[in-house]
Amino acid sequence: MKPSISSRVIFGVLAWIAALVMFFPILWMLITAFKTEGQAIAIPPLLIFPPTFESFLAATNNAGYILFAINSVVVSIGSTVLAIAIAFPAAYALAFFPGKRTEFTLMWMLSTKMLPAVGVLMPIYLGLKEAGLLDTRIGLVGIDTLMNLPIVVWMLYSFFKEIPGEILEAARVDGIGPRKQMVHLLLPLSGPGIASTALLSVILSWNEAFWSINVTASRAGTLAAYIARFSAPEGLFWAKLSAASVLAVAPILVFGSLTQRRLVRGLTFGAVK
Amino acid sequence: MSEAITKTGGLRVTGRSRGSRQVNTLPLLLPAVALLLLWSVLPLLRTLFYSFEHYNLMSPPAVLNGGLNYRYLFTDVSTWVAIENSVILVVGVLFASIVFGTLIALLLNNDFPGRNVARLMAIAPFFVMSPVAALIWKNLLLDPVSGLFGWLMMLVGLRPIAWFSTDPMTAVIIIYSWRWIPFATLILLTALQSLDTDQLEAARMDGAHGFARLRYIVLPHLGRPIAIVIMLESIFLLSAFAVIYTTTNGGPGDATTTLTYLIFIKALNDFSIGSASAAGVFAIVLANILAFFLIRAVSKNLQR
Amino acid sequence: MAKLVLEKVEKRYEGFHAIKGVDLAIDDREFVVFVGPSGCGKTTLLRMIAGLEEITGGDFSIDGVRANDIPPDKRGLAMVFQTYALYPHMTVAENMGFALKMAKVPKAEIVAKVSQAAAMLQLDKVLDRRPKALSGGQRQRVAIGRAIVRNPKGFLFDEPLSNLDAALRVQMRTELVKLNKELQTTMIYVTHDQIEAMTMADRIVVLNGGIVEQVGSPLELYNNPANLFVAGFIGSPKMNLLDGEIVARDDHGAQVALADAGVVTIAADGIEAGPGTRVTVGMRPEHTMLAESGPIGGVADFVEHLGNETLVYVKRPNGGMMIVKADELAGIRMGDPVTMAPRTDRASLFGPDGRALIRRTFHLH
Chain A
1 MKPSISSRVI FGVLAWIAAL VMFFPILWML ITAFKTEGQA IAIPPLLIFP PTFESFLAAT
61 NNAGYILFAI NSVVVSIGST VLAIAIAFPA AYALAFFPGK RTEFTLMWML STKMLPAVGV
121 LMPIYLGLKE AGLLDTRIGL VGIDTLMNLP IVVWMLYSFF KEIPGEILEA ARVDGIGPRK
181 QMVHLLLPLS GPGIASTALL SVILSWNEAF WSINVTASRA GTLAAYIARF SAPEGLFWAK
241 LSAASVLAVA PILVFGSLTQ RRLVRGLTFG AVK
Chain B
1 MSEAITKTGG LRVTGRSRGS RQVNTLPLLL PAVALLLLWS VLPLLRTLFY SFEHYNLMSP
61 PAVLNGGLNY RYLFTDVSTW VAIENSVILV VGVLFASIVF GTLIALLLNN DFPGRNVARL
121 MAIAPFFVMS PVAALIWKNL LLDPVSGLFG WLMMLVGLRP IAWFSTDPMT AVIIIYSWRW
181 IPFATLILLT ALQSLDTDQL EAARMDGAHG FARLRYIVLP HLGRPIAIVI MLESIFLLSA
241 FAVIYTTTNG GPGDATTTLT YLIFIKALND FSIGSASAAG VFAIVLANIL AFFLIRAVSK
301 NLQR
Chain C
1 MAKLVLEKVE KRYEGFHAIK GVDLAIDDRE FVVFVGPSGC GKTTLLRMIA GLEEITGGDF
61 SIDGVRANDI PPDKRGLAMV FQTYALYPHM TVAENMGFAL KMAKVPKAEI VAKVSQAAAM
121 LQLDKVLDRR PKALSGGQRQ RVAIGRAIVR NPKGFLFDEP LSNLDAALRV QMRTELVKLN
181 KELQTTMIYV THDQIEAMTM ADRIVVLNGG IVEQVGSPLE LYNNPANLFV AGFIGSPKMN
241 LLDGEIVARD DHGAQVALAD AGVVTIAADG IEAGPGTRVT VGMRPEHTML AESGPIGGVA
301 DFVEHLGNET LVYVKRPNGG MMIVKADELA GIRMGDPVTM APRTDRASLF GPDGRALIRR
361 TFHLH
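Protein chains in written order, with full-length UniProt numbering: chain A, 1 to 273; chain B, 1 to 304; chain C, 1 to 365.
In short, the hints are calculated from the structure, not lab data.
Wrong hints could be hidden among the right ones.
Facing chain A, from chain B, some residues (calculated, C-beta under 8 Å) [claimed, not checked]: (1) Leu35; (2) Leu108; (3) Asn110; (4) Asn139; (5) Trp178; (6) Ile187; (7) Val218; (8) Leu222; (9) Leu268; (10) Gly280; (11) Val281; (12) Phe293; (13) Ala297.
Here are the in silico distance ranges between beta carbons for each label pair [said to hold, decoys possible]: (14) A:Leu46 to B:Val285: 35 to 41 Å; (15) C:His17 to A:Ala250: 43 to 49 Å; (16) C:Lys8 to B:Leu120: 42 to 48 Å; (17) A:Leu187 to C:His17: 42 to 48 Å; (18) C:Leu219 to A:Ile10: 51 to 57 Å; (19) B:Val285 to A:Ala131: 41 to 47 Å; (20) A:Leu46 to B:Leu120: 23 to 29 Å; (21) B:Ala227 to C:His17: 45 to 51 Å; (22) B:Pro220 to C:Leu219: 34 to 40 Å; (23) C:Arg129 to B:Leu120: 37 to 43 Å; (24) C:Asn163 to B:Asn116: 29 to 35 Å; (25) B:Thr75 to A:Ala131: 35 to 41 Å; (26) B:Leu68 to A:Ala131: 26 to 32 Å.
Backbone N, C-alpha and C fix where the C-beta goes; we use that ideal spot for every residue, glycine too.
Throw the hints in and build the complete structure from the sequences for me.
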């Protein structure tokens, strides 16, 4: 009655093959990170070797790396906190007090996300330059905040929509104002939703490369920019490069796997749940 | 942008409280709205303005030059090459991510031992930042001398391919596909999990087996999510930048220079802001056409 | 045309025994209702009959042919799901014709069968619509139409009315019963609502904890509940149950001394339990009378005037509650002390193991 055992085995094996093929480049990077530079470029490739932390140490002992890692943390967390702080009241207003312009506001916010970054590269670049914010963390935090703001508003909005409006109405009848409603009701009620929104925002700004490459240099660059520039002349430090990459990717892989399903909602603006 | 917004039509945000206007929502909305205006509309207007100027950072001052930038843009061969490259990249990656993304999602939706781990592994590349993805592929895998694939090809008696000099666009498409197939997988898998099991059982009672069930129940169910994946990926891929920056720098020659990369070169290599802005306006118009369809799909969803 | 027979049918999941050996024979054209509290296994049993769940023990046959391993679409049974399970991307006509299409029936024949069923269910005007554009009642009809079109030997319904509003539910109840007579097919209907069971069934199967507690016609179950579970489950308001002990017995009945109350006489021919047996006396609210100086005392705690009848909720000295269906004119008010007595010829009597000790027979006129 169920699919026969043999076809289930075949499909299970195929699924695992697909998963392993997709994961293999990451695995290979992880393996390479534990090699010495010599082992990393050896042909035939080494599968069995004494693992070494040499490359990790070399990568992290680099002052540049440390600075860029700190920048990544500061920028992704800073922009996330800011984006949520700005989006939270907006999503509250949109979800619980819909008016004539609510639909327009939501769609307009979404449409700003469709704007190709390169189309506004020059004005933003020149604007930052005029304000003295080129290659500063503040500048990049601002950019990432604004870049993620529409997604954060939308995601919070879709979580708020799941809270029965009557709860807030009851509070209003009791004379509890918007600020207290947000702090004492909405915040605890939508805890998991806010957490996954924050995670998505952290992931997106941690991985953001376009702006980081174009508006930062040696002071405020993030790991994405660091690794992108690593490519050029230094080349051939494959083991170190892999070690640095593993460290840059690991936290996001963990975050991403924590909240896979909820991410979809943010990534598709609620169109797929 | 406004084109896309005003024509969404018909969306109704369900009213919860009719007396809602007693609360002044303006102060709540203002920060978000004002900042986004500052972020999108203002720069957009500036881009539009620059696009009618002769403006090079190396040789100021800027002077209005009418539609000259646009005339150059559309008569320059490299523009059309860049557009062609963009189209090839977008279509190539879309094709791979829809075909493989759907297949993998269907496979992972079955029940098999270690399913959750396999799912995480298949989706993981999406969380790898583009520069890292680019470097893994460029060095560790596709390098003709020390890369793994080169060695594998030698094992089976083939000559290793120097991907980035002989067929750079294919290499770039492979790298982007590796990142975006998991995106399609993730979204389609989520959509599959929302497929009503009663519907599948009804189909079983109705005598739809294996392929028929896939053809008549599952794939129609995936129609909308696939459309959404196509639109989202098109928008992202039109702006694809970091992998090209990290691997080929648009080269060799203009082999991997997409519209986005062309604008980047004009702007931050040549500092010719006028012509970069004209190309930017063009890219924005293109993205708008796609955005129009995406926003329609999303607003339809809100109505439900 | 289907006679379904279950013999010692079992369902075991890992670490969970969902159906613990069910014996049941369902006759052709019969309307059988599976009823029981949630988790009793009624839906599982239905799905096993449908072929959607594997039968892990015992035998199931359709018209004398063993059907344990026949795939669901080959059993000749059609199922209507609680959620209707309509295919959202297909029109009403496509939904109804899907099974025939899968069976490679010629197009013209599909169209004919679909329009015939649609006419029967008043769906002819909405054949081109998608499920989304239908009302709840129409969706329900499409789900039934999808089953009818297959011309099945039997219909399986899994709580099909639970998503409808109350008025529509009552209407659909009668329509389903009529459909059963019109189509002359076997129907099995699962519900947790005992009123649905009572109003629709030829026979009711009461399930509890994976076993069959009793099988019988609605009146049989109402008047002769086989055990305390059925007594408590069937009937609304519930049967009053009072603990006691048989103190004397003769050929025509037993004297039962009730805890916290006097002695009542229960008419019972040929009862076997002797004096000293601990028993439970069951009396339905309409068989509990307000009687001056009756053996059972209490205080009217709450009086519910329903118009055609009046329910008096009586609080007993030991804290228990009893319900009496009283005459409007009795004039009982909250707080009044009352005394009650059972109708001796209608009360039930259950032994220490919870099984009924008396079986009453009634002659219908």
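Here is how each hint holds up against the structure:
no., hint, verdict
1, Leu35, "holds, 6 Å"
2, Leu108, "holds, 5 Å"
3, Asn110, "holds, 5 Å"
4, Asn139, "holds, 6 Å"
5, Trp178, "holds, 7 Å"
6, Ile187, "holds, 5 Å"
7, Val218, "violated, 14 Å"
8, Leu222, "violated, 10 Å"
9, Leu268, "holds, 6 Å"
10, Gly280, "holds, 4 Å"
11, Val281, "holds, 7 Å"
12, Phe293, "violated, 10 Å"
13, Ala297, "holds, 6 Å"
14, A:Leu46 to B:Val285: 35 to 41 Å, "violated, 51 Å"
15, C:His17 to A:Ala250: 43 to 49 Å, "holds, 46 Å"
16, C:Lys8 to B:Leu120: 42 to 48 Å, "holds, 44 Å"
17, A:Leu187 to C:His17: 42 to 48 Å, "holds, 45 Å"
18, C:Leu219 to A:Ile10: 51 to 57 Å, "holds, 56 Å"
19, B:Val285 to A:Ala131: 41 to 47 Å, "violated, 29 Å"
20, A:Leu46 to B:Leu120: 23 to 29 Å, "holds, 27 Å"
21, B:Ala227 to C:His17: 45 to 51 Å, "holds, 46 Å"
22, B:Pro220 to C:Leu219: 34 to 40 Å, "violated, 48 Å"
23, C:Arg129 to B:Leu120: 37 to 43 Å, "holds, 42 Å"
24, C:Asn163 to B:Asn116: 29 to 35 Å, "holds, 33 Å"
25, B:Thr75 to A:Ala131: 35 to 41 Å, "holds, 36 Å"
26, B:Leu68 to A:Ala131: 26 to 32 Å, "holds, 30 Å"
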